[in-house]
Each structure stands twice: as structure tokens, then as C-alpha cells.
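Asker: Going line by line, the protein sequences match chains A and B. The numbers in this note's numbering rise by one with no breaks, and the one at position 174 of the first sequence is 174. The numbers in this note's numbering rise by one with no breaks, and the one at position 50 of the second sequence is 50.
Don't read these hints as lab results, they were simulated from the structure. A few of these clues could be false.
Derived DEER-like restraints, expressed as beta-carbon distance ranges [to be verified]:
#: 1; chain 1: A; residue 1: Gly109; chain 2: B; residue 2: Thr189; range: 53 to 61 Å
#: 2; chain 1: A; residue 1: Val162; chain 2: B; residue 2: Glu41; range: 40 to 48 Å
#: 3; chain 1: B; residue 1: Gln51; chain 2: A; residue 2: Thr73; range: 29 to 37 Å
#: 4; chain 1: A; residue 1: Thr73; chain 2: B; residue 2: Val90; range: 39 to 47 Å
#: 5; chain 1: B; residue 1: Glu41; chain 2: A; residue 2: Ala100; range: 42 to 50 Å
#: 6; chain 1: A; residue 1: Leu186; chain 2: B; residue 2: Ala30; range: 52 to 60 Å
#: 7; chain 1: A; residue 1: Thr73; chain 2: B; residue 2: Arg76; range: 28 to 36 Å
#: 8; chain 1: A; residue 1: Phe45; chain 2: B; residue 2: Gly182; range: 16 to 24 Å
#: 9; chain 1: B; residue 1: Asn37; chain 2: A; residue 2: Val74; range: 15 to 23 Å
#: 10; chain 1: A; residue 1: Gly189; chain 2: B; residue 2: Glu41; range: 50 to 58 Å
#: 11; chain 1: A; residue 1: Asn42; chain 2: B; residue 2: Asn197; range: 53 to 61 Å
#: 12; chain 1: B; residue 1: Asn37; chain 2: A; residue 2: Gly109; range: 52 to 60 Å
#: 13; chain 1: B; residue 1: Asn46; chain 2: A; residue 2: Pro66; range: 30 to 38 Å
#: 14; chain 1: B; residue 1: Pro120; chain 2: A; residue 2: Asn42; range: 29 to 37 Å
These stretches of chain A come out as covered by chain B in the derived footprint (C-beta under 8 Å, 3 or more residues) [to be verified]:
#: 15; region: 214–226
#: 16; region: 234–244
Here are the simulated DSBU-like cross-link-like pairs (lysine-lysine), alpha carbons at most 35 Å apart as the crow flies [what the hints assert, rightly or not]:
#: 17; chain 1: B; residue 1: Lys114; chain 2: B; residue 2: Lys194
#: 18; chain 1: B; residue 1: Lys91; chain 2: B; residue 2: Lys79
#: 19; chain 1: B; residue 1: Lys194; chain 2: A; residue 2: Lys69
#: 20; chain 1: B; residue 1: Lys114; chain 2: A; residue 2: Lys69
#: 21; chain 1: B; residue 1: Lys91; chain 2: B; residue 2: Lys194
#: 22; chain 1: B; residue 1: Lys91; chain 2: B; residue 2: Lys114
#: 23; chain 1: B; residue 1: Lys194; chain 2: B; residue 2: Lys79
#: 24; chain 1: B; residue 1: Lys114; chain 2: A; residue 2: Lys247
Heads up, the beta-carbon is just placed ideally off N, CA and C, and yes, glycines get one too.
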Amino acid sequence: MNLRPPRLAFSNLSLVVVLILSGCATEPNTAQLGAAEQEDFNDPFEDTNRAIFDFNQVVDRNVLVPIAKTYRTVLPDPVRDSLRDFLRNLREPLIFVNDAFQGDFERAGQTFARFALNSTVGLAGFVDVVGRWGQLPYHEEDLGVTFGVWGIPEGPYLVIPVLGPSNPRDLVGQVGEGFGDPWTVLVTGNPYNLRWIPFVRGGVSGIDQRSRYIETLADIERTSLDYYATIRSLYRQRRAALIRHEKEQNLPPPSSFAQRGGPSPSAATIGPAAQTVFVSEAATVPEVSR
Amino acid sequence: MTRRSALTAALIVIAVALAPSALAAADPAAVINHLGNRALEILGKNATPAQRAARFQELFREDFDVPGIARFVLGRYWKTATPEQQQEFVKLFEDYIALVYSAQLAAYSGETLKVTGSRPGPEGAIVASEIVRPTGGPPVKVEWHLTDRGGIYKINDVAVDGISMAVTQRSEFAAVIQRSGGQVQGLITQLREKTGNSAPR
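All chains, full assembly: derive it from the sequences and hints.
Answerer: Here it is in C-alpha cells:
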């Protein structure tokens with residue numbers, strides 16, 4: 001029996017196998033590394049942003065979270081959900097306009113139908129009848145995303161006092177929505193002094209959203225090495241994803257953001273996602289319009 | 001049989017022999033379906049935090065491309081790290097990921113994972129899925145990026161509602177290193193503190 005050829009074959013073979021296994025496992029992924037070479041935080045005002053972020057954290061810990069916890073304790077889940085549905089319904093006219101601006105007339109039609117039915121059959125929006133029984137769930141939309149769909153760049157990352165992560169594009173969008181919101185126009189354009197209403201609406205909206213992410217955000221803050229950097233990355237990725245989804249019209253619409261009762265599963269799977277969801281919703285709370 | 005064809009035959013035998021591991025199935029969708037539901041089941045509310053972290057780490061080692069992910073999240077700093085630092089980083093990274101995600105997974109109770117489709121990805125396949133909530137809320141869209149590692153599918157990224165977990169981690173680590181004067185050691189020290197590990201030896 002000639003042992004030589006098999007042995008040779010075996011040694012060649014093991015070499016090949018080793019190459020397949022270890023070679024593949026350690027070979028740098030060029031696509032990934034290519035992107036990694038240029039880590040771009042897009043954050044030229046980082047020092048200022050970090051200072052504002054720290055300030056926001058103090059406000060969050062000492063004011064927002066205690067209020068949000070009380071809000072969650074005092075109001076039963078169905079009441080909170082009802083209130084959230086009402087606040088969402090108030091946003092539908094703006095969402096309709098944004099859908100149309102983005103050229104998504106199918107969704108604009110859906111938004112219109114939601115608003116018409118929920119405002120009437122849904123008792124002024126307190127019951128989301130269309131979402132619950134009509135298989136047409138709420139979807140978020142804002143002027144910042146619309147600008148992104150139009151190709152306007154985000155500009156540098158910014159942290160806004162109290163409101164949190166943003167950028168010039170999203171900030172202009174928020175201010176624009178503040179001026180364009182029909183409810184704000186309605187309460188400011190009449191002889192009665194109702195200018196306080198948009199502030200109350202914005203405040204309640206913010207507290208409601210914050211109350212849904214108390215544990216998620218606390219977990220992310222506790223486990224992250226650099227909370228600021230994590231939030232920055234989550235915010236920018238989330239905004240980019242929303243714009244990308246709108247551009248790829250064929251894809252199903254992004255899932256609606258806030259969750260119905262209990263800890264959100266995005267919170268559960270990937271904490272960071274839920275966080276961003278919160279961040280992006282918070283970012284759409286204009287000072288005056290909500 | 002010539003030596004060459006014997007080699008080919010042996011290679012085929014080896015390739016087949018390697019296949020029947022957990023993630024070797026030809027269908028990436030089936031792989032994710034199995035893994036996702038197993039993860040939801042064993043990492044949910046019934047586990048103690050310690051059990052959860054241990055089980056998560058087990059899943060992570062088995063089904064994820066840990067060396068590839070570790071290299072990716074360190075980005076350009078991988079090359080500047082010494083072999084000792086690289087080795088310690090991979091170990092600390094495993095612990096850190098277990099810490100972060102087992103905390104997040106604790107909120108799970110009764111969710112199921114539904115695979116909705118799969119398509120070829122840059123290095124293997126991308127499997128789209130939804131996490132369906134027992135309460136009937138809107139499902140969360142999760143995309144699994146699989147890479148073909150010698151016939152075995154390994155996960156190298158998870159994207160939730162369009163947010164890549166690998167990119168998020170890389171961005172955070174890069175920020176930590178930058179703020180440590182560009183030294184990978186700064187990140188390693190912080191990871192040690194966070195995960196309760198001491199310096200090796």
C-alpha cells in the first residue's frame with residue numbers, strides 16, 4: 001500500500017480547509033472596513049452639543065422622568081392610549097400634507113380617511129377606529145423627512161435644549177410645521193386668548209412619549225459607554241432610514257412608532273431602536289405646534 | 001482516481017460534513033426562524049439575569065460571526081491595536097454585548113418572530129422578519145444580515161427599523177477611542193469596567 005499520495009492529499013486538504021475556515025473568518029470585509037475607515041460623526045459642534053446634552057439629561061432626570069412616571073402611574077393604560085390617539089389625530093392634517101409633498105398619494109388618501117373617520121366615528125380621535133378595526137395603522141411623517149426625500153442634506157448634528165437631537169433640516173421642518181399646523185393657526189387667529197393650547201398639547205405629547213420609554217432609555221444609558229455617541233448614532237440612522245423608506249415606495253410603510261401599552265418590543269430586541277424611535281418622535285414635537 | 005479528483009471528492013465530503021451544524025441550512029430564512037424563536041423563548045421574562053446573560057453569550061458565540069463583528073465595530077482602530085489588545089477586545093466585546101442585549105431582551109414575554117422574506121445580500125443573505133407582539137401592537141421590523149462563512153451562515157448584523165446594531169456599536173466605540181486620545185487601550189479599560197473584568201494576568 002502506497003501511503004504517500006493519501007498523506008499528501010490529506011495535508012493539502014487540511015491546508016485548504018484551514019484556509020476556508022480561518023481565512024474566511026478573519027479576512028477583513030472590504031465593504032464594512034471601507035465604510036469604517038471614514039467614521040463620520042457629522043458633529044462639528046460636538047463640544048457645544050455635549051454641553052447641551054448634559055443639560056438636557058439634568059432636565060430629563062429631574063423634571064421629565066418624574067412627571068412621566070407620575071403620568072404613567074396615575075392614568076390607566078387605556079386612558080393613556082386614548083389620549084395618545086387623540087394627539088395623533090391632531091397631527092393627521094400635517095401628515096396628510098407631508099404624504100402629498102412626498103408624492104405618496106396612496107398614503108395621503110389613507111391619512112385623509114383615518115382623519116375623517118377617527119374624528120367622527122372615533123369620537124374626535126380618542127378612539128383610533130381605523131387603526132384598530134380598519135387595518136390602516138397610524139404612520140408618522142414630518143417635514144424633516146419630506147425635505148430629506150426632496151434631497152435636502154441633513155446638515156451638522158445638533159442637540160437642541162430640551163427637545164434633544166436634531167439637525168438644521170429637521171429643525172427647519174419643526175419650525176415650519178409649527179407655523180403651518182392648522183390647529184395652531186386656528187387658536188392664534190381668533191379673538192379669544194387660546195395661545196396656551198399648543199403649549200399644553202406639546203407638553204402632554206412629550207410627556208406621553210417619554211412615559212413609554214422610561215425603562216428602555218434607562219437601560220441604554222446604564223449599559224452604554226458613551227450615551228451621547230449612542231444617541232447620536234441612533235438618531236442619524238433612524239432619520240436616514242425613514243427617508244430611505246419613503247424613497248423606496250415599493251416597500252411597506254414603516255411601522256408606526258409609539259407602541260400600544262407595555263414595554264415596546266423594539267425596546268426589548270434592540271433597545272437602541274426604541275430609543276431612536278422616541279428621539280425621532282420627540283424631534284417632531286415643535287415648541288409651538290404641539 | 002487521480003490525486004486531483006480524490007482531493008475534490010474529499011473536499012466535497014468535508015463540505016457536506018461541515019454543513020449540518022445549527023446554521024448550515026441552505027435556507028437562511030429557516031435559520032433565522034429557528035434562531036429568533038429560540039432566542040425569544042430562552043431569553044424572555046422567565047430567566048434570571050445571570051441565566052439570560054449566559055444564554056445570550058452562548059447564542060452569540062454559536063450563531064454570530066463574532067470575529068468579523070468585533071473587527072467591524074473597532075473600524076480602523078483594529079489595525080492600530082496590538083494582537084494582545086485585539087484578543088482582549090474580542091473577549092470583552094462578547095461580555096459587553098451580552099450585558100447590553102440581555103438587559104433589553106428581559107422585556108420579552110410571549111413575542112414571536114415571523115420571517116417575512118429573504119434576499120441575497122452583499123456577503124450572503126438578508127432575512128427580513130417581524131417580531132409580533134401578543135398584545136397586537138404594530139410589529140417591529142428586524143433584518144438579519146447573514147454572511148457565508150465556508151458554507152455556514154453566521155449573523156454579522158441585525159437592523160431594527162432600519163437601524164444597524166453594528167453601525168451603532170462602531171460609532172460609539174469610535175467616539176470612546178477618540179476621546180481617549182485615539183488609544184484603543186482607553187476603550188478596553190472602559191469595557192473592563194463596564195463588564196466587571198480585570199486586566200488579563
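Asker: Does each hint hold? Answer for all of them.
Answerer: Results for each hint:
| no. | hint | in the structure |
| --- | --- | --- |
| 1 | Gly109/A / Thr189/B: 53 to 61 Å | holds (56 Å) |
| 2 | Val162/A / Glu41/B: 40 to 48 Å | holds (41 Å) |
| 3 | Gln51/B / Thr73/A: 29 to 37 Å | holds (30 Å) |
| 4 | Thr73/A / Val90/B: 39 to 47 Å | holds (44 Å) |
| 5 | Glu41/B / Ala100/A: 42 to 50 Å | holds (44 Å) |
| 6 | Leu186/A / Ala30/B: 52 to 60 Å | holds (55 Å) |
| 7 | Thr73/A / Arg76/B: 28 to 36 Å | violated (48 Å) |
| 8 | Phe45/A / Gly182/B: 16 to 24 Å | holds (21 Å) |
| 9 | Asn37/B / Val74/A: 15 to 23 Å | violated (37 Å) |
| 10 | Gly189/A / Glu41/B: 50 to 58 Å | holds (57 Å) |
| 11 | Asn42/A / Asn197/B: 53 to 61 Å | violated (33 Å) |
| 12 | Asn37/B / Gly109/A: 52 to 60 Å | violated (37 Å) |
| 13 | Asn46/B / Pro66/A: 30 to 38 Å | holds (31 Å) |
| 14 | Pro120/B / Asn42/A: 29 to 37 Å | holds (31 Å) |
| 15 | 214–226 | holds (count 8) |
| 16 | 234–244 | holds (count 7) |
| 17 | Lys114/B / Lys194/B | holds (34 Å) |
| 18 | Lys91/B / Lys79/B | holds (17 Å) |
| 19 | Lys194/B / Lys69/A | holds (27 Å) |
| 20 | Lys114/B / Lys69/A | holds (33 Å) |
| 21 | Lys91/B / Lys194/B | holds (13 Å) |
| 22 | Lys91/B / Lys114/B | holds (32 Å) |
| 23 | Lys194/B / Lys79/B | holds (24 Å) |
| 24 | Lys114/B / Lys247/A | holds (25 Å) |
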